[in-house]
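Q: Chains as they are written, first to last, in the numbering used here: chain P, 1 to 77; chain A, 1 to 108.
To be clear, the hints were calculated from the coordinates, so they are not data collected in a lab.
The C-beta atom is built at its ideal place from N, Cα and C for all residues, glycine as well.
Some hints here could point you the wrong way.
If you want a taste of the chain A side facing chain P, the calculated C-beta under 7 Å gives, among others [stated by the list, open to error]:
#1 T70
#2 G78
#3 G82
#4 D85
#5 I86
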Amino acid sequence: MAMAAAEIEELIRAGIPDARVEITDLAGDGDHYAARVVAESFRGMPRVRQHQRVYEALGGRMGGALHALQLSTATPD
Amino acid sequence: MSDTKARIDEIVHRHDVVLFMKGTALFPQCGFSSRAVAILDHLGVGFETVDVLQDPEIRQGVKEYSDWPTVPQLYVKGEFVGGSDIMMEMYEAGELQQLLDEKQVAKA
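Modelling step: build the complete structure from the supplied sequences, incorporating the hints.
A: Below, the structure written as structure tokens:
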């Protein structure tokens, strides 16, 4: 049920078109990732909302096919 | 309000700080839950934990309650704060302590 890093990146970018996405495979097992998502459209949103936007983009896979995604979000400097 | 939602609502309002997690504070069953507990321990705040592995209804219900897909989940004075990543970001920025101070949560 694991997901490829490229697939995760594609989903996030499809849901948040202005996002810059960096995915790191933490354990090298295709199951534990870290994602850093930077988007201008996050500006003014509380952190919870920014993370929710990413989870929405992943369309319900979070907690399912994607067990372990360490997420950090930011707006561009 | 469904029974489960009412139960969760009651829990998060009964205690100042509630962590829904996998396992217990002493024996976390997941790395993310373990990290969340470590952050709260470090802040020296008293908190209540709910082991979602013991209760499938809560496990599912808490995700709907907060519109958040994963556990752990932190609530302060009835308000959803975030999961372990947000807790870590807030902790590192000093924002978690600030939130506890603002909400006048007592130290353990």
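Q: Now tell me, hint by hint, if it's right for this structure.
A: Hints and how they fare:
| no. | hint | result |
| --- | --- | --- |
| 1 | T70 | 5 Å, holds |
| 2 | G78 | 15 Å, violated |
| 3 | G82 | 5 Å, holds |
| 4 | D85 | 5 Å, holds |
| 5 | I86 | 5 Å, holds |
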